[in-house]
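Participant: Using the sequences plus the hints, can you model the full thing?
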Amino acid sequence: MQLKVGDALKGATPRPDATMQLNVEALRRAKAAKAAKASEAGAADRSAGDPDAGAPDATMQLRVMPRPVGARTARRSERRGPALPPAVTRAAAAVAERCAPLVRPLAPHARRLAPYARRLKPAYPRPGRDGWRRWVPSWRQWLGAVLASVGLSGAFLAVAYAATDIPQNLNAYATQQDNVYFWSDGTPMARTGWVQRQAMPLKDIPQDVRWAVLAAENESFYSDPGISFKGLTRALWRTVGEGDTQGGSTITQQYVKNVYLTQNQTVGRKFTEAMIALKLDNRMSKDQILEGYLNTSWFGRGTYGIQRAAQAYYGKDVSKLNAGQAAFLASLLKGAGLYDPTLNKANHARAVERWNWILDRMVKIGKLSPAERATYTTFPEPLRRNPLYDTGRQSDYLVEVASQYARKTAHLSDQQFDLGGYQIYTTFDRKRENALTDAVTRARKKARTTDATAARTAHYGAASVSDDGRILAVYGGPDHRTQGYNESNATTVPAGSAFQPFVYAAGLEYGVTKRRDAPREQVLPETVYDGDDAVPVTTPEGPYWDRSGRKVAAHNDGNRSYGRISLRQALAQSVNTPFMQLGMDTGLDRVKQTAVSAGLLASSLGPQTPDLSLGNSTPSAIRMAGGYATFAAAGMHTEPYSVRRITRNGSAVRLDRPARNRAVGATVAQEVEQALGDAFRSAHPAAAAPATAAVTGKPGTTSDDTAAWYVGTADAVSTAVVVYRMDLAKSLQPLPLKGIAGTAADSVPYGIWAGASGRPG
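Everything in the sequence shown is counted per numbering that gives the first Met the number 0, starting at 0 for the first residue and increasing by one.
By construction, these hints were calculated from the structure, which means they are not laboratory data.
Incorrect hints may have been included.
[Said to hold, decoys possible] Result set (PhoX-like, lysine-lysine): computed pairs, CA atoms no more than 20 Å apart in a straight line: (1) K202 x K366; (2) K202 x K444; (3) K344 x K333; (4) K737 x K445; (5) K202 x K333; (6) K550 x K513.
[Unchecked claim] The calculated label-pair distances, taken between Cβ atoms and stated as ranges, are: (7) P386 x V351: 22 to 32 Å; (8) S602 x R443: 49 to 59 Å; (9) P224 x A106: 47 to 57 Å; (10) L342 x R644: 17 to 27 Å; (11) L600 x P539: 28 to 38 Å; (12) Y484 x S368: 54 to 64 Å; (13) P124 x R282: 46 to 56 Å; (14) T377 x P657: 47 to 57 Å; (15) T490 x R282: 49 to 59 Å; (16) S368 x Q415: 43 to 53 Å; (17) P386 x D703: 23 to 33 Å.
All of these numbers come straight from a predicted model, not from anything done at the bench.
From the three backbone atoms N, C-alpha and C, an ideal C-beta is built for every residue, glycine too.
Facilitator: Following this line, the structure appears as structure tokens:
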């Protein structure tokens, strides 16, 4: 029997993925058995019965090669992995059987969509192409990828927009403003606060200023949706692709960055900025956004906002800027450090170039006529220095006085005031302030040449107050940064004999009582008192005894005796003994009442002992000047005030106006003025000669020589000057002056007063 290949494979159904194998060893054994039978039957029979006998190769050798498996099938098998366990297969079959009723109705639709599914089924790498073309997607694949990307991006942006909220709290720098103080003539004096900013309503910002900024930064501001897709793409490319940063923001985005976010140039911050800008553009009007942007942008020189920039670079309010000045300020938004022309020549060249470009842009967008543009041919040079710069010297003392008054009379808490935005228009006169400061500076230099050791502990305080209560000038110390307290407002040393006019006014106003149960007697300037030294003080009940049992007596300067002397003469010559007795006769309570009515603080007055009339009170220079100003105002007293008007971002703030009250009668005030005029004329005849009637003044000394005063009035302005010594590092007790205050003939306080009042020294 011979087995042929056709017989072996006949009827077999080969499996496409199986390999047919024949057992070669079994075939060999069959061949050997056949050969043995053939040898027994004989060669003849073998030749007759077996047609294959005598063939060159009687043994059939068959090699069946396995069907090759395609690479695609092999990859599919690898993806399928090993065969699943039988249990899993059975479970899957059961699930498929249960789901068959649900799937069966969909079969017709599946057959109908099968051709389209085959078309959409990606064939990748693409068949029928060679080389790199196999890896290039078809146009259908490109279109599908683009549509998918657009859809996913749109969905992502929609979710991001819905999830992004506008922050409720603004940056601290976006809300905080500075407080600016102005001289009495309206020019800036100083500023306080962490930032220089004053918010201005858009209506107060000229159109030329607005459009100069828009032409420079975002000319399509009123038509864009709050973001610029072109600018964002450019900014992202520069940030991510090239590791650099470049602006691509609209004004809305810049405003969002200023008030809600940080200045960090990151992709995350830019994305958040864009989302908030879109939302903000839907909630706020364009004018509101522009107003916020103009009030929060950085312009250099420590300034935020267009108002402070106008004042810092041109010394004027934004409402007074022209188009040329506005174009320069708009150029600073690109980088104040690069376009401030006062810094260097390169900056100046850049500033001029951008200034011209902005003006040309304004013409291009129709916001500046060619005729107007032709008028701007010269670059508007800004000021070399910010006029709001705070020197840290006398201006700080002025600010201290004004800020305390502003808080009190405008009823502002410290938190409200520190938030800023206030414009404080003070009563300080720049010329008088400079004159007073120069006079004290000269006195300090002279003291150092007289006694350098004593001069180091010398203190000078001074103030000028008009007869209507305005504080025109103060001297608070050499430098507020090294001496924080204000000498002009300090209650440190006694007034001494400078207090005598208040005792004199009280006696003239209320009269005296010299005996118990006797009616009060009128006192006149010609009333005579004992002017001798060490005259014992009496009361209606008899002599006045101190706690040690000794009679109290007053002493004149230098222990000089004057005999019987009128009160007017005693005031003119600073004789102490008559005024101590006058105070006891008038009543110390009435003396105190008169001093308080005239302007001295009750807290600064000493105890009601005979020494009250000798000036044991410790009034400040401001209060002493205000008290003498009451006599110059015919007995009408106005509380000293340093602020005449306050606004906040253009709106008026209500102030409590100082009241004007009758302190003493007009006749009494006139008598006091005449006596003080006598005192001035007798001590300084040369200075009194030009205008005798308008000038009054009186020195003040203490018995222990620890303080020297001069208080006088010229041209309806009273000025008080005090000089004393105190070593603050060791004690708060006054030290002897040791000649620092000069002599009676060459008084340092008088020299300062004369310099501040414009009188000959």
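Participant: Which hint numbers does the structure go against, in order from smallest to largest?
Facilitator: 2, 5, 8, 10 and 17
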